[in-house]
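Chemist: Assemble the whole structure, with the sequences as input and the hints as a guide.
Read left to right, the sequence shown gives residues 1 to 186 (UniProt numbering).
Check before you lean on any hint, since a few could be wrong.
What the hints assert, rightly or not - As a list, the in silico SDA-like pairs of lysine to any residue whose alpha-carbon atoms are at most 20 Å apart:
1) K43 - I10
2) K75 - E47
3) K130 - F152
What the hints assert, rightly or not - Derived Cβ-Cβ restraints for the label pairs, each shown as a range:
4) D69 - W133: 36 to 42 Å
5) V183 - K144: 17 to 23 Å
6) F151 - E56: 32 to 38 Å
7) V131 - V186: 21 to 27 Å
8) N3 - I39: 14 to 20 Å
9) S86 - Y136: 46 to 52 Å
10) T51 - P115: 33 to 39 Å
11) S86 - N3: 17 to 23 Å
12) G182 - K117: 15 to 21 Å
13) E147 - G182: 17 to 23 Å
14) H79 - V131: 27 to 33 Å
15) E147 - H79: 31 to 37 Å
16) F153 - S132: 16 to 22 Å
17) S132 - D69: 37 to 43 Å
It is worth saying that the hints were derived from the structure and are not from the lab. No residue lacks a Cβ here, since even glycine has one placed at the ideal position from N, Cα and C.
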Amino acid sequence: MDNKILIIDIETTGFLNQGGHIAEIGMVELDLRNGDKQIVFDKVCHEKGMTLESVENSWIVSNGYMTVDEIRYSKNLEHLREEVQSIISTYTLGATAFNRSFDFDFLESRNFSFPRKLDCPMQLSTDICKVSWNKYYKKWKWPKVEEAYDFFFPDNDYTEIHRGADDAFHEADIVMELYRRGVLKV
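Modeler: Structure representation (structure tokens):
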């Protein structure tokens, strides 16, 4: 796995501190030599403790990005555990996610472990993209994926679809650009 890192994106039914559950995991391999990307994992899942009400009322379902049935008839995350951990463990050079603390805190709370965590591309992009909160507030806000993508690749028609593998696939472009600029250290 020389020169290859892992980009992870999860979809959830809510925030971790509010009892949210993981509903999808997408993982993309990024080759830092040439920017080649490959989806290595792309699965919807559900977890013990999910209720029909919590899924129906979740942001991801309410906004039409996932359906109740997709989640309801998916595999339990426990049945995917070995495969997910095996993939993560393969990337000893490191892994990251566009809001790394969100994704990794969820995964670590489910006892997944990472051989090496790379810096968060969202935080690394903040002082480069310079997305303003408003005209009065002087500090830059953390850019959303689309804001960072539009900054680094202005001639694109990308719209984030809030699905694990597709989001990770596009986030890998941002990570690669940060690596090319010497901002992301591996």
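Chemist: For a quick check of understanding: which of the numbered hints are violated here, in increasing order?
Modeler: Structure breaks hint 14 only.
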